[in-house]
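Residue numbering for the sequence shown follows numbering that gives the first Met the number 0, beginning at 0 and increasing consecutively.
Among the hints, a few may not be true.
Distance condition first, Cα-Cα at most 20 Å in a straight line; then the derived SDA-like pairs of lysine to any residue [what the hints assert, rightly or not]:
| no. | residue 1 | residue 2 |
| --- | --- | --- |
| 1 | 262 | 132 |
| 2 | 262 | 238 |
| 3 | 262 | 106 |
| 4 | 262 | 68 |
| 5 | 262 | 114 |
| 6 | 262 | 42 |
| 7 | 262 | 64 |
| 8 | 262 | 196 |
| 9 | 262 | 119 |
| 10 | 262 | 41 |
Derived by calculation from the structure, the hints in this document are not laboratory data.
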Amino acid sequence: MPCSSCRFCSRRAPSWRHSRPTLPSLATCASENPMFSPVVYDFWMRGVDVSARRDGVHVVVDATLTESRSVSLLTAAEGPRVLALSPSRATELGVAHGDELDLDQVTSALREAGITLNDPDDVFHFMAADARTLVAEPARPGVRALTIDDRAEFGRFAATAPEDDVDEAFVELDHWLVFGCFVDDTLVTAASMYPWDNSTLADTGVLTLPDYRARGYAAATVRALSAEALRRGYEPQYRCQVDNLGSVAVARSAGLTRFGTWKVILPDD
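Use the sequences and the hints to build the structure in full.
Structure follows, in structure tokens:
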């Protein structure tokens with residue numbers, strides 16, 4: 000978005016900016032807080048110590064962020080808030096890497112800049128100890144990897160599922176890793192993953208046919224899928240809207256733990 004006032008073009012720091020702390024290394028963040036894999040901390044905390052002040056917002060400027068990720072706000076469940084910005088967005092807002100801000104002032108600055116964030120997603124990951132257990136766990140009977148040889152059954156599955164659910168779940172047979180759950184030779188749940196944002200996080204989607212929900216099929220499929228991702232050196236990630244109670248329940252039943260909530264810039268802002 001072009002500058003709408005001289006505030007964004009000034010070199011003078013906004014009055015609401017706190018002093019700029021020195022950010023610790025990524026290794027320090029992970030080693031001092033081993034609940035989750037270092038991969039998870041490295042990606043989401045972006046160098047901000049999870050023990051940092053929780054009532055503030057810590058700014059990270061990252062030149063690798065694409066336009067669709069140019070503004071995002073993570074609120075860690077057991078840690079601080081992290082505002083990740085591309086360099087151009089940081090300039091637009093008049094902030095710099097390492098700044099510590101007040102949340103209400105960040106909200107006001109985004110509003111004045113015409114930047115809107117989406118409704119929050121819950122972000123789930125496996126705790127490190129749970130992941131180690133999961134890797135050795137056998138899949139539930141009826142749950143297995145899907146391949147191109149399953150395309151006919153997968154096509155029937157997708158045609159049977161509600162169209163809105165198919166769009167929201169974004170489960171595709173040609174994704175990086177796909178698992179399904181069969182009941183009497185009928186595919187009733189499918190879950191897939193793909194590497195996310197050029198990282199070793201593997202983002203998850205899962206879909207169960209309406210008549211087979213609330214029976215544990217989705218959780219079992221997500222666990223088997225996640226175990227295989229871990230064996231391949233990836234960290235499973237599960238995201239859903241915070242008010243999607245059914246999806247939240249699947250995540251918890253699968254043994255995932257909420258890492259935090261995440262908001263990202265809406266398209267065309």
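To see whether the hints hold, each was checked on the structure:
no. : hint      : result
1   : 262 - 132 : violated, 31 Å
2   : 262 - 238 : holds, 11 Å
3   : 262 - 106 : holds, 12 Å
4   : 262 - 68  : holds, 10 Å
5   : 262 - 114 : holds, 12 Å
6   : 262 - 42  : holds, 15 Å
7   : 262 - 64  : holds, 15 Å
8   : 262 - 196 : holds, 15 Å
9   : 262 - 119 : holds, 5 Å
10  : 262 - 41  : holds, 18 Å
When each numbered hint is compared with the structure, a violation occurs for hint 1 only.
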